[in-house]
Structure formats: structure tokens, C-alpha cells
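Q: Read top to bottom, the protein sequences are chains L and Y. Going by this note's numbering, the first residue of the first sequence is number 1, and it counts up by one from there. Going by this note's numbering, the first residue of the second sequence is number 1, and it counts up by one from there.
Okay, the calculated beta carbon distance ranges per label pair:
1) Y/ARG57 <-> L/PHE4: 31 to 37 Å
2) L/TYR5 <-> Y/LEU140: 23 to 29 Å
3) L/PRO74 <-> Y/VAL69: 33 to 39 Å
4) Y/PRO54 <-> L/ALA236: 54 to 60 Å
5) L/ALA34 <-> Y/TYR109: 36 to 42 Å
6) L/GLY9 <-> Y/LEU140: 24 to 30 Å
7) L/VAL13 <-> Y/ARG57: 28 to 34 Å
8) Y/LEU66 <-> L/GLY40: 49 to 55 Å
9) L/ALA46 <-> Y/HIS119: 46 to 52 Å
10) L/THR93 <-> Y/ALA115: 39 to 45 Å
11) L/ALA166 <-> Y/VAL102: 39 to 45 Å
12) Y/VAL102 <-> L/THR55: 52 to 58 Å
Covered by chain L, per the in silico footprint, the following chain Y stretches (three or more residues, Cβ under 8 Å):
13) 16-29
14) 45-53
Worth flagging that the hints you see were computed from the coordinates, not collected in a lab. Just so it is clear, CB atoms sit at the ideal spot from N, CA and C, and this is done for glycine as well.
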Amino acid sequence: MAKFYWTLGVVAVIGIGAVGYQVASHKLGHAATAPVDLTGLDDPTALMRAAQAVTKGDPNAPVTIMEFGDYECPACGVFTLTVQPQIERTYVTTGKARFVFYDFPLVSIHATSFIAARAARCASDQDRFWQYHDELYRKQSSWVPQPNPINTFIGYAKDLGMDDSAFGACLNSEKYADVVTANLRLAQQLGLSGTPTIMVGLDKGMPRRLGDDFSYKAVAALVDQVLAEAAAQDSAEAGGS
Amino acid sequence: MSEAPASPPANRMAIAVMALVGFFIAFYLLAHSLGWTGSLLCGVGNCERVQQSPYSRIGPIPVAGLGVVGYVILLVVSFMGLRPAGRDSRALGVLLFSGGLVGFAFSLYLTYLEAAVIHAWCQWCVMSAIIMTLIFLASLPEVRRIRGA
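All chains should be built: construct the whole structure from the sequences, respecting the hints.
A: Have a look at this one:
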């Protein structure tokens, strides 16, 4: 019997040590899950510099289609998965417009939207931002109910063929917390209150904001209108010179 | 003349040790599903994919939680069966054998899900399935005790 108790004791010590270490080391990790303090962003120029969008398409395209999105927002998911592909086919791949995404995590109502935005940014380290971005929206119903989806996010990275340990190291840090915070502050500075917010504009001047209709038809109508105005402006300038 | 006390059943000692190992594995998976740990240590397979699949929960209950409960029951019952008063208990024999059988059948089902439905392996789940199989094998002598042989 003594041998039996010794064996049990050894198993218990190893088990408690190994599982305890895993739990304790995780508690000591410091994944940024909320906006961080950034100084100097009251100056609009500094804020514009700190905010960084992710862009798809020709950087010299005449029109810019901007989305301010939140990964927990169901309407953003519908927009990304159904409307955005049509926009890309018609305007982005044809060089008429570029698509630009800014994070706008509504942290007061969506507890994990900030870390989700960071996760997509971490994916950009491995040139997989857009794939990861789409994956987050596709699997919204699976990770949104989780109080701590970090491991799920790492799983998605692995599923997408990314280096999951590098991705996990990025996610379990404060990396990109400043960028996501700056994007959030930019949206607030612009007076935006909901997601998705779609804006369409030219290089100069204030972009036009789409109303609450996020359908392809509504976006296309606005983009066509801005394109027509740009063409009219160009011909006026050409006539005047 | 007094009889020498019968030695504790070796199969129950084996079940107790294996149930304790299984408990720690299941607890690790449960801690992970509750967000208490970082990503799973996973040298082989894709543990995260298995753990994030819809089959890792039955309703709101994580499957790993069922594992924790199952292993604790097996541990407690095997301990009770090691006490002199419990060594000849038919009821404890029934509990150990049926517990081993249910655990083994459930492990088989989970292994089938990994192989044929999720198409990914979780090394910790496989280890738990092996432990449950060994517990089931170790519980077979209980059939003799139940029959009163």
C-alpha cells in the first residue's frame, strides 16, 4: 500500500505543478484587451498619423471607400461577407476605388472587440490581415459569447496556416493596442457612433458618409456619385487651364 | 487463529492512479476552455481546433468538465473499494465496472468525432481516451467480484 500512496503522491505533485504552472503563467500574461492611454492625440494631425487603416486595392485609385468596423458587430459581419466582395469586384479590382478599414471597437458594449481588432492586426504581421478579418466575421457566433477568446483566436491563426506561436506571442502582448486605440479615437473625433460606418471620398475634401442602408446598391450609388463628381471636377479643371 | 487480512485489490489501485492522471488531463482541458490558460501545449495534432469545435461542449457544459467529474468519481469509488470494508463490496464493483464501461464508450465516441467529423487530433484527448481504455480493462476483474466468484 505504501508504494501505491507514493505513486499517487508523485502523480498529484506533478499534476498540480504542471496545471498550476500553466494557469499561473497565463494569469501573468498581459494581453491588451482594452484601449490604452495615448498622449498627444488631441492634435488632429497627430491623431491622423497614429491611426492606421488597412488598405486593399490601388493606393492611387481616385476614390476611397472607408469602413469603420467592429468585429463583434453583426451588421459589420453581413457587410464584410456579402457586400464588400461585390464592392471589391466592381470598384477595387478595377482600380476605381480602394477599400480602407479602420478599427472602431465599441468597447462599452462589446467586451472582446478590442482584442479581436488586435488579433486581426497580429495577423497582418504574417500578411494575413484580410483572411483573418473575414474569418473573425465568419465565426462571430462562435467566439463572441466567449469571455476570453484568446485561445480561439490562436486556433483560427493555426487554421489559416499561420505561425500560431508567433501570433500568440503578439496577441498576448500589448502590440497594436496603440494603433487600435488611435483608430477608435479617430472614429470618435469624427463623431461616429455606430458600426459599420461607411464613408466614400476623394483624396481631398471631406468624405461622404453613407446612411443606415449598407446594401451594395446604396454603397455603389454613393461611389458612382463621387466618381461622377471627380470626373466633372477633372474636366472643369482641364477646361479652365 | 486469525486470518491474514486480504491484500487490497491491485486493479483498484491501478484505477485510482490512472483516474488521478486522467483528472489532471481533463482539468487542464477544462481550465483551457474556461480561459484560465494560454494556448494548449500541443506537440501533435491541432488541439485548439478540437477544443473550439462545437463537439467540445454539450449544451453549456464543456466535455472536459464531464471528464473531470468522471475521473473524480472513479478515484473516489476506487479508494472506497480499497478500504477493508469495501474490498468485497458488490455495489462498489458494479460502480467501478459501469463507470469504466461508460467512460470507455464515451471516449470511443469522442475519438470517432476527432477522426471522422472534426478531422483533427488533440493529444490530450487521445491520452485521456487511452487512460479510460486502461481503466476499463482494469475494471474487468470487478465482473468476477460482482458475480460473487
